[in-house]
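Chains as they are written, first to last, in the numbering used here: chain A, 2 to 355; chain B, 2 to 355; chain C, 2 to 355; chain D, 2 to 355; chain E, 2 to 355.
Pairs involving identical chains hold if they fit within one copy or between any two copies, as the list cannot separate such chains.
Subject to a maximum C-alpha distance of 20 Å in a straight line, what follows is the list of computed EDC-like cross-link-like pairs (lysine to aspartate or glutamate):
#: 1; residue 1: K352; residue 2: E210
#: 2; residue 1: K213; residue 2: D293
#: 3; residue 1: K353; residue 2: E210
#: 4; residue 1: K121; residue 2: D194
#: 5; residue 1: K167; residue 2: E40
#: 6; residue 1: K227; residue 2: E197
#: 7; residue 1: K248; residue 2: D179
Treat the hints as calculated values from the structure; they're not laboratory data.
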Amino acid sequence: MVTFRKRGSKVGLEPGTLVHIGEKKVEKVKIKIVVYDSEKIVEKELDSIDECIPFNDQPGTNFWLNVDGLDKIEVIEKIGSCFNIHPLTLEDILNTGQRPKMEDYESYVYTVLKMMILDKEKDEIIIDQISIIFGCNYIISFQEREVDVFSPLRERLKNPASHLRKNGVDYLAYCLIDAVIDNYFLILEHFGDEIEEFEDQLLIRSSPETIKVIQRYRRDMITLRKSLWPLRELISGMQRIESEIIKDTTRIYLRDIYDHTIQVIDSVEDYRDILSSMVDIYLSSLSNKMNDIMKVLTVIATIFIPLTFVAGVYGMNFENMPELHWRWGYPTVMLFMALLGTTMFAYFKKKKWV
Amino acid sequence: MVTFRKRGSKVGLEPGTLVHIGEKKVEKVKIKIVVYDSEKIVEKELDSIDECIPFNDQPGTNFWLNVDGLDKIEVIEKIGSCFNIHPLTLEDILNTGQRPKMEDYESYVYTVLKMMILDKEKDEIIIDQISIIFGCNYIISFQEREVDVFSPLRERLKNPASHLRKNGVDYLAYCLIDAVIDNYFLILEHFGDEIEEFEDQLLIRSSPETIKVIQRYRRDMITLRKSLWPLRELISGMQRIESEIIKDTTRIYLRDIYDHTIQVIDSVEDYRDILSSMVDIYLSSLSNKMNDIMKVLTVIATIFIPLTFVAGVYGMNFENMPELHWRWGYPTVMLFMALLGTTMFAYFKKKKWV
Amino acid sequence: MVTFRKRGSKVGLEPGTLVHIGEKKVEKVKIKIVVYDSEKIVEKELDSIDECIPFNDQPGTNFWLNVDGLDKIEVIEKIGSCFNIHPLTLEDILNTGQRPKMEDYESYVYTVLKMMILDKEKDEIIIDQISIIFGCNYIISFQEREVDVFSPLRERLKNPASHLRKNGVDYLAYCLIDAVIDNYFLILEHFGDEIEEFEDQLLIRSSPETIKVIQRYRRDMITLRKSLWPLRELISGMQRIESEIIKDTTRIYLRDIYDHTIQVIDSVEDYRDILSSMVDIYLSSLSNKMNDIMKVLTVIATIFIPLTFVAGVYGMNFENMPELHWRWGYPTVMLFMALLGTTMFAYFKKKKWV
Amino acid sequence: MVTFRKRGSKVGLEPGTLVHIGEKKVEKVKIKIVVYDSEKIVEKELDSIDECIPFNDQPGTNFWLNVDGLDKIEVIEKIGSCFNIHPLTLEDILNTGQRPKMEDYESYVYTVLKMMILDKEKDEIIIDQISIIFGCNYIISFQEREVDVFSPLRERLKNPASHLRKNGVDYLAYCLIDAVIDNYFLILEHFGDEIEEFEDQLLIRSSPETIKVIQRYRRDMITLRKSLWPLRELISGMQRIESEIIKDTTRIYLRDIYDHTIQVIDSVEDYRDILSSMVDIYLSSLSNKMNDIMKVLTVIATIFIPLTFVAGVYGMNFENMPELHWRWGYPTVMLFMALLGTTMFAYFKKKKWV
Amino acid sequence: MVTFRKRGSKVGLEPGTLVHIGEKKVEKVKIKIVVYDSEKIVEKELDSIDECIPFNDQPGTNFWLNVDGLDKIEVIEKIGSCFNIHPLTLEDILNTGQRPKMEDYESYVYTVLKMMILDKEKDEIIIDQISIIFGCNYIISFQEREVDVFSPLRERLKNPASHLRKNGVDYLAYCLIDAVIDNYFLILEHFGDEIEEFEDQLLIRSSPETIKVIQRYRRDMITLRKSLWPLRELISGMQRIESEIIKDTTRIYLRDIYDHTIQVIDSVEDYRDILSSMVDIYLSSLSNKMNDIMKVLTVIATIFIPLTFVAGVYGMNFENMPELHWRWGYPTVMLFMALLGTTMFAYFKKKKWV
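Turn these sequences into a full structure, and let the hints guide you.
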């Protein structure tokens with residue numbers, strides 16, 4: 002069962018005030034650094050942010066800093082002053098209630114994404130805000146919790162023949178975003194299977210729970226759409242950036258993920274359509290049920306009420322009722338009633354009510 | 002319970018006629034002035050608008066005039082002539098039924114906003130129209146009533162290290178708008194909690210009141226949307242202004258609140274979606290209830306009508322009814338009826354109608 | 002009760018053929034003329050259109066010709082030849098089934114508007130087509146009937162201090178349009194009050210009439226929207242006209258009425274939303290009523306059908322029914338039946354069905 | 002009753018293959034020619050297309066060729082080679098399942114329209130595809146069947162004072178399109194009257210047929226919209242053509258029919274709105290009927306079931322039932338039952354169920 | 002019955018990794034080559050991709066390579082390196098879950114389409130992804146399975162008089178896309194017939210299956226729309242390509258298929274409208290049925306419950322009931338009951354309930 006946790010809010014503070022809004026998700030902030038060019042690659046886990054400074058000065062090498070956990074504000078602040086990052090960017094990194102967006106601060110590009118991770122065991126989807134800052138030769142990524150969705154990328158980086166090694170950090174940024182969007186496909190496939198199975202069941206039998214499940218899926222689709230719509234703008238915004246940070250060779254790849262995003266959005270809209278038509282199915286199943294109940298009542302009442310009336314007639318105490326004294330009076334009436342009942346039953350049988 | 006008060010109207014008057022449209026909300030018009038630059042700050046409450054004139058002539062300082070209460074038209078007129086403000090602007094300030102908008106009158110920028118203040122005690126939302134006029138070094142804000150939503154800003158202004166002190170009045174204008182939008186987040190959070198709780202209850206049990214509550218929330222969302230949609234245009238309009246009044250450093254901040262506005266609008270649209278799907282839930286709950294009622298009726302009628310018929314048969318007065326004279330006639334019929342009733346009950350039990 | 006009268010049509014005639022399409026609404030065509038500049042003003046009612054020619058030649062003065070009634074085609078034709086007006090314009094003036102629009106014929110601007118006048122006594126809204134033609138120093142307005150909606154304007158014109166006297170005819174044209182839009186506010190307020198009151202009643206009690214009233218309001222909103230949507234284009238079109246006919250000072254005022262138009266359109270859309278959600282309320286009220294009816298039936302049937310069965314049992318004529326001969330048989334059965342009935346009643350009471 | 006006939010299809014053929022798709026509608030292809038300038042006019046019916054060639058070479062004269070019937074492909078082919086028409090155009094002329102469109106082939110403009118002709122006797126709407134090709138001084142129109150919708154135009158052409166004679170073929174093309182659009186007004190008026198009448202009846206009484214009629218109107222509106230939406234693009238496309246074929250004086254007229262098209266589209270959308278709200282009315286009328294039926298049942302059952310129970314009680318055969326032996330027992334019980342029944346009836350009367 | 006098979010997914014792989022996503026559909030990859038110019042044509046089936054290289058070098062000739070089956074990745078790779086194709090293109094060819102799209106890689110244009118093939122025997126629609134790459138003089142088409150939809154084209158190519166022979170590969174590409182779109186017309190016609198027939202049945206009689214069929218058609222329309230919407234962008238994108246690959250003469254033809262696409266999309270939207278209005282019809286048919294059932298019950302109960310009461314009265318055992326001893330008591334009561342019953346029946350007859 003998918004749950005989307007509530008988030009805190011930050012109202013009334015001065016813009017630029019650094020406060021981490023969101024639950025604490027990791028005990029310790031974990032900083033990993035990868036320095037690479039087409040020939041060599043160094044990977045290291047840092048204890049303090051200061052250790053990364055020497056790496057930053059090597060010209061011609063690319064530099065990937067990954068920060069897991071946003072609870073230590075001083076780390077974010079230090080990175081901010083180190084890489085000359087605008088206070089609004091730092092604020093946005095810490096406020097995990099952001100809408101996905103892309104902002105071009107000339108010296109760097111700032112991107113916020115929503116990573117959706119399907120936890121199949123708990124049947125839960127975790128939403129993790131991922132911030133990516135990249136300039137000419139550095140890229141910094143921030144995650145709320147330590148879910149290593151980027152480890153396949155890290156593996157690919159180690160392969161010297163990989164495209165990643167031959168291209169700059171803009172290509173790495175594209176790969177990070179691509180990894181995020183790939184996860185949406187997984188989530189949607191999971192939803193698609195669930196909804197399809199649910200619809201198959203609905204067509205057989207419905208219960209008062211049905212509408213609650215539909216409502217829950219609808220809400221999930223709203224949550225997904227909320228993360229996806231801005232993604233489209235984000236990527237098309239990146240394609241239009243006119244700085245050197247994004248090379249032309251990378252732009253072709255951006256076109257590709259733009260396409261993927263549209264595909265995911267289309268699917269979400271389709272599921273919304275399907276879910277809303279499932280409400281029609283559900284409501285019509287209720288009406289059908291009602292019709293079935295009423296048919297039972299009508300058949301029983303229509304057969305027995307006239308019979309009861311006949312019996313009532315011969316229960317009257319008039320002195321002068323000749324039928325009562327006939328020898329075959331009782332059997333005749335019983336036969337008549339049996340005939341009447343059978344005829345009525347046959348009539349309903351013909352009308353397919355029974 | 003949220004209420005949106007009705008407003009008066011002004012039809013048939015000459016454009017530019019200054020009449021305050023709206024209820025009287027403060028006894029006295031209160032004028033506060035803050036004069037500041039990066040080094041010093043002076044704050045003062047004025048008795049008459051004339052006292053502000055000396056401050057207006059100090060070059061290099063910024064100047065914030067705050068007017069609470071719109072009932073004294075002569076005050077507004079004086080400010081108008083003092084700062085050379087277009088009659089249409091003055092008219093719009095006084096007519097509190099404005100749609101949020103931004104207008105660029107070359108020498109100044111005029112902005113109308115709707116501040117929504119949640120009065121938790123009365124469970125009421127007050128809508129207050131806020132007008133902001135800002136030129137190169139002055140900013141004038143008008144409020145309908147004395148709700149000091151800007152006091153945190155005033156506190157921050159006193160801090161010499163604050164961004165506010167280092168930047169011009171355009172940054173202060175941004176901060177005022179930001180404070181207004183922040184309040185929308187609070188309002189929406191409040192609605193979100195209420196609607197969620199209401200939906201949880203709805204899924205358990207519904208009453209004829211339910212549809213009225215949904216209708217009320219729908220109306221509230223329409224009111225919110227009405228204030229929010231124009232806000233989007235307002236901010237994007239400000240970003241496109243090509244005068245010196247808005248500095249480039251401030252434009253980045255405007256991008257940020259544009260983003261916030263979109264986020265609020267998205268949420269309102271989502272709540273509208275959710276509310277309209279709650280109508281489906283409610284209607285289906287009515288159908289379910291009906292089905293339950295009909296099941297009770299059908300079960301009772303189907304069990305007892307045939308039994309009554311049997312009793313009726315043996316109440317007939319035919320002379321020649323041998324069963325009536327059998328020794329075990331009565332117990333046999335009673336047993337038969339018990340069996341019939343039990344079978345029918347079991348049948349309904351199996352069909353889950355009982 | 003609002004009524005929108007049907008209009009005639011003109012199909013298959015040569016474009017430019019002058020035929021008045023619409024009912025006759027005034028007995029006589031009434032022509033009023035106002036000649037004014039910032040210093041003097043002359044107002045006169047004309048018997049024939051020829052009388053206005055001398056006024057037309059006075060340079061530096063503004064000239065307002067108002068024609069009430071479109072039945073005398075020769076008057077329209079004469080004005081057309083006098084002021085050099087395109088045949089299509091003349092055709093549009095006479096065909097009162099026009100959609101509001103603005104057309105720029107270089108030497109003049111042609112505007113068609115729908116004036117809505119609320120006749121509170123008859124509870125009727127009259128739609129009157131108003132055509133405004135204005136060039137550099139003349140303005141000609143045509144009305145279908147003699148409803149003097151422009152008399153306040155005429156009064157203001159007489160005041161030498163008025164903006165109207167200081168500005169050209171483009172400002173007067175703006176004031177005419179403003180007067181028309183102001184009337185929409187009145188109409189909408191009237192509708193708003195009615196709909197609100199109606200909704201309050203609906204929440205208490207509904208009748209089969211309810212849906213008819215909703216339908217009527219829906220149709221009214223469609224009619225309003227039909228007049229309002231084109232108004233938006235009309236005004237934004239006027240703002241973009243690149244001729245000298247519209248001065249820059251007037252453009253600021255056009256921005257203002259554009260805003261008003263948007264506000265009215267928003268309200269109409271909101272009422273449409275509210276009306277369509279009222280259908281939900283109405284349908285749910287029908288279901289609730291049905292549930293109430295069924296509850297009554299079920300309660301009565303469920304209590305008395307078993308009791309009738311018991312009575313039926315002791316009405317059987319078996320010889321060997323020992324209970325019948327017991328001394329306390331009758332009271333015992335009566336007590337049992339009373340108990341059974343009370344229990345069932347209590348059960349329904351608990352279920353809130355009674 | 003409106004019928005829209007099905008059309009054939011042409012799939013898998015080489016683009017440019019000339020096959021007439023559609024039913025045969027005329028026995029013979031009829032070719033009429035009109036040659037005119039401001040001074041003289043010649044009208045002639047041709048036996049063979051070759052006869053028109055001499056007319057084509059007269060400079061300074063306009064030339065209108067009208068072809069009724071598309072069954073003789075060789076005629077179309079000949080015209081194609083004569084006037085140098087692109088094979089795709091010829092294909093489109095013959096394929097009568099076209100969507101209305103305008104295509105600019107530099108040397109000529111090609112327009113496809115759907116003429117709707119109301120056959121009041123058969124209560125049927127015939128859709129006829131009309132293709133218009135016009136170049137600098139020639140215009141060729143093709144119709145599927147011989148419905149002389151253009152005869153009023155031909156009459157007007159004969160009038161030497163007519164605009165048609167003074168303007169070029171582009172003005173004639175405008176008049177042809179105008180004639181087509183005028184017919185839409187007639188059709189819509191007819192629909193409008195029918196729908197209005199139908200709605201009036203619906204508000205009084207509904208039958209299971211009602212929904213079928215609504216559905217039929219809905220389909221009709223879809224068919225109309227299908228022909229109308231592309232018309233809008235068609236005309237705005239013609240306005241933007243930057244060749245000499247369309248003169249500036251004609252552009253003003255195009256603006257006028259653009260306006261008419263919008264007006265027709267608006268009406269269709271309005272009828273769609275009204276029809277979909279009629280479904281609500283119908284569904285609510287079904288619920289109201291159900292409520293009425295249930296009220297009858299409930300009233301009858303609630304009055305008589307308790308009375309029957311009372312009668313049942315005194316039909317019991319207990320030995321010791323003192324009431325049975327009272328002198329006034331019978332009248333007392335009868336009176337009690339009458340009272341009970343009357344009370345219940347009064348209760349339902351008060352509840353307005355009777 | 003239409004089925005849309007599920008597809009596999011490819012998540013987490015490096016962009017550019019070549020993996021065939023989709024079911025295996027052909028045993029062997031089949032490569033056909035056609036080399037043609039306006040004078041000669043050679044057609045050949047290749048065993049290995051290397052055999053095509055000599056043909057590629059002939060200047061002035063056009064070259065069409067058709068690959069059926071995507072299972073041999075090495076074939077795709079070889080073609081990729083041979084014709085210098087971007088890795089992303091190759092990836093897209095193999096991933097058969099693509100959305101239709103067009104991409105301009107300067108040296109070639111890449112197009113993905115969804116071919117829908119109606120298998121009338123199995124009553125199934127097969128979706129086949131078709132990729133078309135075309136440069137200046139070569140065109141390569143990839144299909145998932147060996148359905149020879151292009152054989153009519155191949156036949157036309159053999160005709161030296163065909164347009165295909167006179168034009169370049171861009172015209173051939175247009176013809177391929179045209180063939181794909183033509184198939185959509187066939188599919189839609191099939192759906193149209195089915196839906197129309199289904200609607201006719203629905204108007205006569207509905208069953209609980211009805212809603213399932215509607216739901217299935219709705220899903221089919223969603224699938225169709227999903228393939229069609231991007232097609233529109235695809236073609237308009239091709240029209241805007243500013244390279245020599247697409248000649249101006251071909252652009253006119255693209256305009257034509259753009260038009261066809263719009264026509265298909267319009268039809269799909271219309272069917273969606275019609276299907277959703279069919280749900281209304283279905284729901285109203287359920288209500289009508291319910292009304293019919295309730296009428297039967299009400300008529301029976303209303304006639305017999307009062308009669309049973311009368312019989313009950315005369316079944317009472319009071320000593321002093323004079324009617325019981327009247328000579329004509331019994332016939333009188335019977336007559337009275339017959340009269341009562343007949344009257345009620347007549348009443349229902351009049352109310353059209355019987």
